[in-house]
Amino acid sequence: MKEKQAWHVNGFLALLIALASIAGGIALIVAGSTSTETNAVFIVLGIVLGAVFVVAVSSLTIVQPNDSKVITFFGSYVGTVSRSGMWMVLPFTNKSTVSLKVRNFNSQTLKVNDAEGNPIEIGAVVVFKVTDSAKASFDVDNYEKFVAIQSETAVRHTAAQYAYDTFENEDALSLRGNADEVANELMKELQTRLSVAGVKVIETRLTHLAYAPEIASAMLQRQQAIAIVSARQKIVEGAVGMVDSALKQLIENGIELDAERRAAMVNNLMVAIVSDRAATPVINTGSLYT
0 MKEKQAWHVN GFLALLIALA SIAGGIALIV AGSTSTETNA VFIVLGIVLG AVFVVAVSSL
60 TIVQPNDSKV ITFFGSYVGT VSRSGMWMVL PFTNKSTVSL KVRNFNSQTL KVNDAEGNPI
120 EIGAVVVFKV TDSAKASFDV DNYEKFVAIQ SETAVRHTAA QYAYDTFENE DALSLRGNAD
180 EVANELMKEL QTRLSVAGVK VIETRLTHLA YAPEIASAML QRQQAIAIVS ARQKIVEGAV
240 GMVDSALKQL IENGIELDAE RRAAMVNNLM VAIVSDRAAT PVINTGSLYT
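The numbering of the sequence shown is numbering that gives the first Met the number 0, which starts it at 0 and goes up by one.
Heads up, a few of these hints could be off.
In silico lysine-lysine, BS3-like type, Cα no more than 25 Å apart, as pairs [to be verified]: (1) K1 <-> K144; (2) K128 <-> K94; (3) K100 <-> K144; (4) K94 <-> K3; (5) K134 <-> K1; (6) K187 <-> K247; (7) K144 <-> K110; (8) K128 <-> K3; (9) K187 <-> K134; (10) K134 <-> K233; (11) K100 <-> K233; (12) K144 <-> K94; (13) K3 <-> K110; (14) K110 <-> K1; (15) K233 <-> K247; (16) K199 <-> K187; (17) K144 <-> K134; (18) K94 <-> K134; (19) K128 <-> K233; (20) K199 <-> K144; (21) K1 <-> K128; (22) K100 <-> K134; (23) K110 <-> K187.
Listed next, with one range per pair, are the computed distances between beta-carbon atoms [said to hold, decoys possible]: (24) D140 <-> E120: 25 to 33 Å; (25) H156 <-> A209: 14 to 22 Å; (26) N177 <-> V101: 25 to 33 Å; (27) E120 <-> V53: 17 to 25 Å; (28) D243 <-> T191: 52 to 60 Å; (29) A258 <-> A209: 50 to 58 Å; (30) E202 <-> I227: 31 to 39 Å; (31) K3 <-> H156: 28 to 36 Å.
Worth flagging that the hints you see were computed from the coordinates, not collected in a lab. In this text, all values refer to a predicted model and were calculated from it rather than measured experimentally. We put the CB at the ideal spot given by N, CA and C, even for glycine.
Turn these sequences into a full structure, and let the hints guide you.
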């Protein structure tokens with residue numbers, strides 16, 4: 000069902016009609032009853048004006064800012080009034096309020112398996128608002144519960160598409176390293192799920208992300224080991240470049256080294272650069288070959 004605007008006019012007109020009707024009806028009934036001979040015409044007119052008062056009052060509705068009124072007449076959807084103020088609509092209709100304010104849904108911390116099968120804990124916040132009050136009222140039973148259930152379902156599904164972290168393939172997306180991309184993917188999936196309820200997703204963000212307690216310690220050790228290996232690799236690459244540069248400079252300065260002296264120099268430089276402790280120099284006063 001698609002939202003449409005209901006017929007409505009200024010409510011103060013209906014209020015004026017209601018006040019004039021009740022005042023005129025009371026006056027006519029009193030005048031007809033207190034006359035020497037009961038005047039049935041005045042009494043009937045007073046009752047008619049009383050009925051006009053009831054009709055006018057039943058047509059009044061007040062719409063608060065950032066709210067809308069969904070109007071139904073004996074089970075039929077008449078339309079929606081979304082402009083704030085006091086309005087006169089069709090009489091004897093049911094007027095239900097739907098909030099159009101921006102709201103947050105903060106999901107619980109969910110335990111799911113990532114793309115590699117590792118149990119993780121994840122939570123997200125969803126910022127949304129109702130844009131179609133008819134869909135929110137009639138196409139789903141309770142749009143707030145619908146948003147909550149679909150949000151948690153989308154979080155679970157999105158988390159299962161990515162690994163918590165990428166150790167071997169640095170180009171692959173991960174939950175930890177690509178939070179913005181994951182949040183955008185979650186927002187697209189949520190918008191698809193919530194469009195049936197007339198809800199617009201404004202923003203989604205991950206609020207909690209961690210390994211499950213049973214593997215947190217082991218995964219921390221793995222991360223530390225990978226970080227150490229990566230750091231060592233960078234150190235070795237840098238050391239090789241420094242040694243190569245040193246040998247080239249010696250050759251450019253006219254210092255020629257034979258193969259054995261070159262190997263000894265490379266060994267000493269590599270040990271001094273790669274070692275995680277300060278090198279202790281040893282001065283060789285003898286010959287390299289003795």
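- Query: Honestly, which of those hints from before does the structure not fit?
  - Reply: 6, 10, 11, 13, 14, 19, 27
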